[in-house]
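**Q** If you read the sequences in order, they're chains A and B.
Position 141 of the first sequence, counting from 1, maps to 141 under the working numbering, and the rest follow consecutively.
Position 285 of the second sequence, counting from 1, maps to 285 under the working numbering, and the rest follow consecutively.
Hint data in this document are derived by calculation from the structure and do not stem from the laboratory.
Any given hint could turn out to be false.
Claimed, not checked - Below, a list of computed lysine-lysine pairs in the BS3-like style, where the Cα atoms sit at most 30 Å apart: (1) K30/B x K268/A; (2) K200/A x K268/A; (3) K176/B x K268/A; (4) K64/B x K128/B.
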Amino acid sequence: MTDTPTLSVRDLTVEIPTRHGILRPVDHVSYDIRAGEILGVVGESGAGKSMTGNAVIGLLDPPARITGGEVLLKGEPIHDIPRARLRRLRGKHMGMIFQDPLTSLNPLLTIGDQLTETITEHLNVGQDEARKRAIAALDEVGIPAASARIGSYPHEFSGGMRQRVVIALALCAEPELVIADEPTTALDVSVQAQIVALLKRLCRERGVAVMLVTHDMGVIAEAADRVAVMYAGRLAELGPVREVITNAHHPYTAGLMASTPLASVGQKRLKQIPGAMPRLGALPDGCAFHPRCEYAQDKCRRDPGPSLQACDGRAACWFPLGTTQKEDTVA
Amino acid sequence: MSALISIRNLTRRFDVSKPWLNRVIERLNKAYLTAVSDVSFDIEENSVYALVGESGSGKSTIGKIVVGLTPPSEGSVKINGTDLATETDAAKIEAVRDEIQMIFQDPYASLNPRWRVRDIIAEPVAAKGGETSGLAERLLEQVGLSAADASKYPHEFSGGQRQRICIARALASEPKIIVCDEPTSALDVSVQSQVLNLMSDLREEFGLTYLFISHDLTVVRHMADRIGVLYLGRLVEEAPREALFTDPKHPYTQMLFDAAPRMDAFGREVDPPKGEIPDAINPPSGCAFHPRCPIAIDRCSKERPEMRLLGQTRVACHRAE
Ligand SMILES: Nc1ncnc2c1ncn2[C@@H]1O[C@H](COP(=O)(O)OP(=O)(O)OP(=O)(O)O)[C@@H](O)[C@H]1O
Ligand SMILES: Nc1ncnc2c1ncn2[C@@H]1O[C@H](COP(=O)(O)OP(=O)(O)O)[C@@H](O)[C@H]1O
Ligand code: SF4
Ligand code: SF4
Ligand SMILES: [Mg+2]
Ligand SMILES: [Mg+2]
């Protein structure tokens, strides 16, 4: 074991040039994921979760592109390498699981062919061995009668089964990093529980580093080790999952947690954050959250948005909650 | 108290046969899918009745039958004593239809992109030749938007704002009942709480009755007075909110509750439910849940359990107690 994290993202910035100016859907985002760790990523839609994931694995759709910072896979920069090399890294070292399993599967090939193709491409094994591994991979993700189902096409599976096949496909070349972007959002609770349990087991047994994007705070609490909260393209908060959920330092995180129905059991009204997340083209000056923040002060409106360092790397807030800094300003 | 909506032995089958020629060549019989099977329940006036269940359990189909978008195959839905499927008095049908509106899951798909918000909201009233001046503006303010938004187009609004517009449109004809099909499933949590609060406020203000369809147990727990749990088109359990959440009696309800991720369950290792929902075209015999049920007995695969009353709970399970 080394101390080098499987994934290091440093000041990652993604920009999209448009007629109305340059948009920055990912703005100086930094985090690490270690082997065997699940980093949960939450935030409302449009916060930049998928863009961050896609930038890491080199799947940004032009004209969006990385304009700053770096992405290190086991210490090696991968944000500026040629596309062909990146494609080889994907699959071999990085697996992907998206919300809609059909986007990751070829409808015209049997799942067995798709798995063996990926295995022979990335691992040094022959056809027979690849087939054996394909069956083992399907077996591992809980496809019943794997050796019989290997000749089936994606449409012959239910949504939950397809997502299992995608996970098998993402893991069959034994990658060190898996990016799972809302992998259970389209699935029922019972299937979701199966898929989350599967991801956790694979992460633990194989020491895979997982970036798990989801908007379901329950899934985050049960699966993630640490959680990153994104707001308007920036990291608002980053910390151990229990800490962040029960003792949020960023007012946005606190509002988000409080607005889930579970936080108001037995109460007539739910807590709500006023307003909506600003569009990228119309970000307010200062802290992007200030128009909705009940703790906003002059500094928040005036000074450039705070970085995570403002609060020991935990929250990007000038006046974080639950810290002495906060009490000082109140006093 | 009398029921505002009374649903009895409701069944809806869909013909899912292949085309005639294929059937002849492949020697297939006609195939039917039973989306809703012998469902009965009542909704009290001014209450929120929630239907929960996983995908394909028949929630939306029941909602559509209740608003009259699709007819039942068997059984009846009475609204204030009137059965839309059999009533012959056109004026009465019209009156009942006015009293009931529907809000759908996808606020993007359910607003005509080429219409101004004013026309979208006033349409149900305009279609009947009603008075529409100032109507949209008034309703927009009621749902927390501004009167000036009336002249904008749907694309200028976020998902949560669009759902507010859908709600305003549903309110335009002054309904008594709103069927809400997953009204916040497409919204972020922070926006969801705004919309749910709005729905609670409107319910009090206008004395509305909601049939609230959702797969999200935490949302249902917050909104509903009474909850029905569906599995493969069958109502398996029905109870007042507290009874259901403190003492679920049906093994499927218990499985759902156990599987639902919890925000306070850090690192919880769930023993996930086995299997998936079976094919609705060939549902299992007897109790449809028996292949996945941890306490199934011989009788379960042979005999469909009747609804029984246990305390405040109605439950369809041979073994529930
Ligand atoms: N027009 C139709 N023709 C054929 N089958 C249909 C039709 N409408 C619904 N079904 C089937 O009826 C069953 C119940 O569908 P319904 O849409 O009511 O489920 P639901 O509980 O609302 O699910 P979801 O949570 O996915 O919205 C499903 O198996 C569905 O495929
Ligand atoms: N091709 C594009 N042109 C302009 N803006 C885009 C484009 N693709 C994505 N965006 C914007 O980038 C932001 C981040 O998007 P995304 O990463 O998909 O968010 P999330 O996954 O958190 O919902 C959003 O504001 C989105 O509208
Ligand atoms: S920096 Fe100011 S406005 Fe921003 S979250 Fe912190 S207190 Fe609120
Ligand atoms: S009737 Fe039998 S199979 Fe069905 S839920 Fe009850 S115990 Fe389980
Ligand atoms: Mg996304
Ligand atoms: Mg539905």
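**Q** Please verify whether K200/A and K268/A have alpha carbons no more than 30 Å apart.
**A** This hinted pair is violated, its Cα atoms lying about 36 Å apart.
**Q** CA of K64/B to CA of K128/B, is that 30 Å or under?
**A** Holds, at about 22 Å.
**Q** Holds or violated: K176/B and K268/A, Cα atoms, limit 30 Å.
**A** Holds, because 21 Å separates the two Cα atoms, which is no more than 30 Å.
**Q** Between K30/B and K268/A, does the CA-CA distance stay at or below 30 Å?
**A** violated (50 Å)
Figure legend: structure checked against the earlier numbered hints; hints not met, in rising order: 1 and 2.
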